[in-house]
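Participant: Given next are the chains, with one letter for each unit.
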Amino acid sequence: MNDAAVAVIMDAVAPLRILAVEDDPRIRATLRLALEDEGYAVLEADSGESALELHSREDVDVVLVDLMLPGMTGFEVVRELRRASDVPIVIVTARTDSHDVVAGLEAGADDYVRKPFVVKELAARIRSLIRRSRGSEGGPDAGSSPGGPPVVFGAVELSPAEGVVRRHGEELALTRTEFHLLCELAENAGLVLSREQLLERVWGYDYFGEARLVDAHIRRLRTKIEEDPSEPALIVTVRGLGYKLVR
Amino acid sequence: MTSRTRGLRFRVTAAFALGALLLFGILGSSVYLFSYHYLVEQRERSLVGQAYADARVVRDTLARSDEVKEPLAILDRVPGSNAVVRWRGRWFGTTVASAGATVPDGLRRLVEAGSPAHQRIDRSGVPTFVVGVPVDEVGAEYYEMFSLLELDRTLRTIRNALMAGGALAVVMAGLIGWTLSRRVLRPVADFASAAERVAAGDLETRLAPGADPDLASLAASFNHMVDAVERRIARESRFVADASHELRSPLTTLATAVEVMEARRDELPDRARRAFDLLRDEVRLLQRLVEDLLELGAAEAGAEAGAAEPVRLDELVANVVARSAGAQAVTVDVDPCFGEPVLADKRRFERILSNLIVNAGTHGRGLERLSLERRGDRLRLEVVDGGPGVPDDERQAVFERFFRGAAAGRRASSTGSGLGLALVAEHVRRNGGRVWVEDRDDGAGARFVVELPWAGEPGTGIARPEVRA
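Residue numbers (this note's numbering), protein chains in the order written: chain A, 1 to 247; chain B, 1 to 469.
Bound-form chain B, shown alone (with noise of 0.2 Å):
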């Protein structure tokens, strides 16, 4: 899948995973203020019930007698909670701890003014909630203190359990989105896929029109598209052919009238063998030009779909070089891996090996070194010649069909047919490979540089990577 879809997917499910958020986030707010206001409204007013409750049995104690003690104890019931008197001047309290000191001043004056009122403080980390009461009738004041612990765990998990199930609802939505986004671009990625195999050279794919009107007309054009690559290629496949076989048949009578006339060169009166021969020359140029050109539009065509087979290449190149490079001293060096069968083009290799070698006979003034090894997933191919190396800003050009460099205009005397270093870009560029040319190390000459991926081996369960268009 290409990373385009990719990020149309990611947005979907972002887009799915913020409305969920977004939504989960009003709604869980609201009910958690709800319900903190209406649990704390209600912990409160039972409280302050209770606190009168108290007052009231504090006042009729203290009606009774002068003994403060004894009434405080007996309140001491509700757990967590503290009361504190102050009668006549002095504090009384069921702990120590909470004589007067903790009663907020503000809280204090109110209730010594004689008006009920209550307070939330933080006693020493503790939530409290202090109700004050004035007991008029033996000039008192009534205190109680309730921890609001329990309340504060209670909303404290209400919270929680709200933002748990934002984030489930949240992870959902994402999940929905991931889901729903994939079988939304299910469309795409085939679009993708297929054109992939399209462009693989594969141009038996189509896509089936499906049921949607919009993507039907989608499928309709790339269909539309890829029968037109399809019926343009067999068009130039057959120009190829018809082409080949046009120029192939005049040759063949021309080569074989000069070889019938070579036999009887000796025959021929000074001039006419003098003009024989460059009739000769000339039409064994013309042939290898043909070949060439034939060569290059067949590739460039696709018609000769390269398969990797399992090769020998440490033969393969010594059978090259032995038919390609003549008498000349080659130091070829080819890795000892080489001699295991391997997965290639065989007939591509060969002729870019010995395009390379050719060019090295004519105008690098001949093959001087030749290596082949294998680097990670690449094969590296490396031909040295011995000429005056190839100018920086031609090292693209030489790759350029009839490019003729500083002899430009001028036709060789040689035989080049000035397609050779193209062929050789063009196989190169079939298999999926890179070709350059750069200086040798020590500067006398130039190195062809060819990098092939590698198909691997045979029988080793590698995939059969079939190098076409």
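Excised from the complex, chain A in its bound form (with noise of 0.2 Å):
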């Protein structure tokens, strides 16, 4: 039985809710037979204005967004998700180049998977983001929730156990992804953690995740807490090796 499973079972009276924003009926059709199969209870849209809505009327817990939608596309649904709440996104893409991945991920996206995909991939992305998103709403059950004691560097405070990050004093709105990513480096400051390592670690991929996806991250997580998101000074690159936060 698979994680996913096992947190239906816990939950046992609702199931996760997914919603689908898909224009190909054909794929939202077998995407709900795949995902209903995972223990999922799927939602579609096959526009961004109904997902948009679907979203705001509904309780969801992850999103899948295919990026080339009629009409509004995939960016800006992402874009207007991101500005109500802070859902787990997974973009999906049928283009072969990584253009519209990274314009995905820095739009707010999450995580990404290209089509074709194996459902089994894309259950275990899901589950991953589910894992992180629980987590981080802090209960007793939140087994892989970051926990310790506050960390403050420059002018920012992180309190894993609360799930807040603050600076000068005010929450700052981090996304669940970025929130963990903050995490690991955190708890991890004054060493350089590779890409790859942050990828198993914060995203749960093996080696041969996307590079790009630590990098949008990155980028974003850095206009929300540096000064001067240009001249990092908390997050800093460190050339060939990967990313560490200086204390």
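Hint data in this document are derived by calculation from the structure and do not stem from the laboratory.
Worth double-checking, as some hints may not be accurate.
[As the list claims (entries may be wrong)] Which chain A residues face chain B? A few, computed with CB under 7 Å, are given here:
(1) D24
(2) A34
(3) D37
(4) F75
(5) R95
(6) V113
(7) T237
(8) G240
(9) K244
(10) V246
(11) R247
Quick caveat, the model's predicted, so the values are computed rather than measured.
C-beta: ideal position from N, C-alpha, C; glycine also.
Can you join these two chains into the complex? Each is in its own frame, and there are hints to help.
Facilitator: Okay, here's the thing in structure tokens:
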């Protein structure tokens, strides 16, 4: 039995709800079948507009967004969703090049999959996202939640147990992925973490994860916590090796 | 700068120098000849005049007395000149050496016959001018010898000055030609470097039209060509992107539906299950085929410009082997120097390596040995399998798309897309390297060798070549 199923049983009554934003009805239909097999409840949206409408109305745990949508593009959907909430977002792309992956991540997505995806892989991505998201709710069942005492670096105060980050005393709006990334860096403050290590620890990827995932999130994190994101003083790049949090 | 422009520039310079040489040669030799004749004539005339004057003194002296030595001593005033008198059949001279013998016979006969004469002779290395004057009144002949050393030296100085001036003129002309040709050829050099930038993948490159109408049309044609290339590449990568999307969408449905069915495979009746297995295998093959085709298309369109980034190649190799090679016993031999990050195109390197390993698995009875080392400015990867090897006449063809060798026409029951090695070749080419296949040293299998240019180590100041198109 897989983790998601375990999670479902723990929640007992309400299976986790996935909002699938996809204009191709056949893909939507098979996706629903496959994800229901994995124990999720699936909400369908065939356009960005209806996705935003559904999200505002329903409780959603994870959103899957196809980047190529008629009308409102996937990027706009991600940006709008991000404005309203920190719901985990996985973008789905059918393109070979990685420009739109990077653009989607910049817009605020947490992770991505390429078509044609293997459902097992997609389910693994969703599980990893949900683990992060549930962990941060701070309940006693949050096994994988980062814990420990508050950490202060510069004007930033990170409180893993509370799940909040403050800068100059003001709470920052970080997504769960950004929060976990920051916790991982803070836990190893002063040490260099390679992109591969971060991919594994934050996203649950093996060695071949996309390094751009890390880079895009680091960029977003910097715009939130650094005084001058173009001259980062807290999260520094160690050329050829990875990233390091300076205390 | 290419050798062609250097050649043209060399030719212009040489033409300038040659022109200067020719001009100065004619001018210089005229000047020399003119001054030679002028100086020699003048000097000879004055020497003859002096000899006459001296002869008159000798005549007067001899008319008064029998003593010859005294006037000769008086005469000995012209530096470097020697006077000789033949009187009553005897020679008298200022020095013993000058007595008689040095006067050439022809000259003596002329003077004996009563006509004055002069001649240029070489007296033991010294150019000498001999003047003979008959002194009939006293029945004597007077000879005077003048050294022309001074004149020769003057002439040599003139000649040397002219030659030095000529050499200087040639060098100056060459320099002018070199500078001038650089200015003239600068547009050509600009063209060459612009073309190189385009070839390296920088399609933003355009030439400034410039003022010269001839060059402006050339620049316009060049820019037009680059525009066309850029449009074409944009069209191709758009096609790849579109095709990618159009193929992937139905494949996504297929693959997902197969997965849903796979979970219920045991519920299927026997015949349906057998049909489903076929369907599943073909969908997976199709998926691999489409992935490889799209990857190849993207690689060829240069859509994914590979950039060198610092990579720990030892880790990369270990991970690819762990993922692709399965449970076989593999000897992995990675040079310890790859424990430090080096600059490499990580994605392409991973694709090259995993395709070679997959190829060893599908066609070579499995990967046996893998080695990675540095050889000078190249990085050498060897992938050795234990299969039948590749026959000589197929060693080029295996890197072609859908090449199936002896199994041509028969679709292998196996799993390869037929594009793996073509992908390897394309990625290697894009990285500026070479790939080939050879026999193993013991002849029991094939060895695929990839050589890639060494991009350097990060932070060593070695330029990071952006390996592109």
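Participant: Decide, hint by hint, whether the structure agrees.
Facilitator: Hint check:
1. With its C-beta approaching chain B no nearer than about 5 Å, A/D24 sits inside the 7 Å limit, and its interface hint holds.
2. Below 7 Å, beta-carbon pairs count as interface contacts, and A/A34 has one with chain B at about 5 Å; its hint therefore holds.
3. Checking A/D37 against chain B: minimum C-beta separation of about 6 Å stays under 7 Å; hint holds.
4. The closest approach between the C-beta of A/F75 and any C-beta of chain B is roughly 16 Å, which is over the 7 Å cut-off, so the hint fails.
5. Because the smallest distance between the Cβ of A/R95 and any Cβ of chain B comes to about 6 Å, under 7 Å, the interface hint for this residue holds.
6. Checking A/V113 against chain B by beta carbon gives a least distance of about 10 Å; that is not within 7 Å, so the hint is violated.
7. About 11 Å separates the beta-carbon of A/T237 from the nearest beta-carbon of chain B, more than 7 Å, and the hint is not met.
8. About 3 Å separates the beta-carbon of A/G240 from the nearest beta-carbon of chain B, less than 7 Å, and the hint is met.
9. At a threshold of 7 Å, the smallest CB-CB gap from A/K244 to chain B is about 15 Å, leaving the interface hint violated.
10. A cut of 7 Å between beta carbons decides the hint on A/V246: the least distance to chain B is about 19 Å, and the hint is violated.
11. Because the beta carbon of A/R247 sits about 24 Å from the nearest beta carbon in chain B, more than 7 Å, this interface hint is broken.
Comparing the model with each numbered hint stated earlier shows that hints 4, 6, 7, 9, 10 and 11 do not hold.
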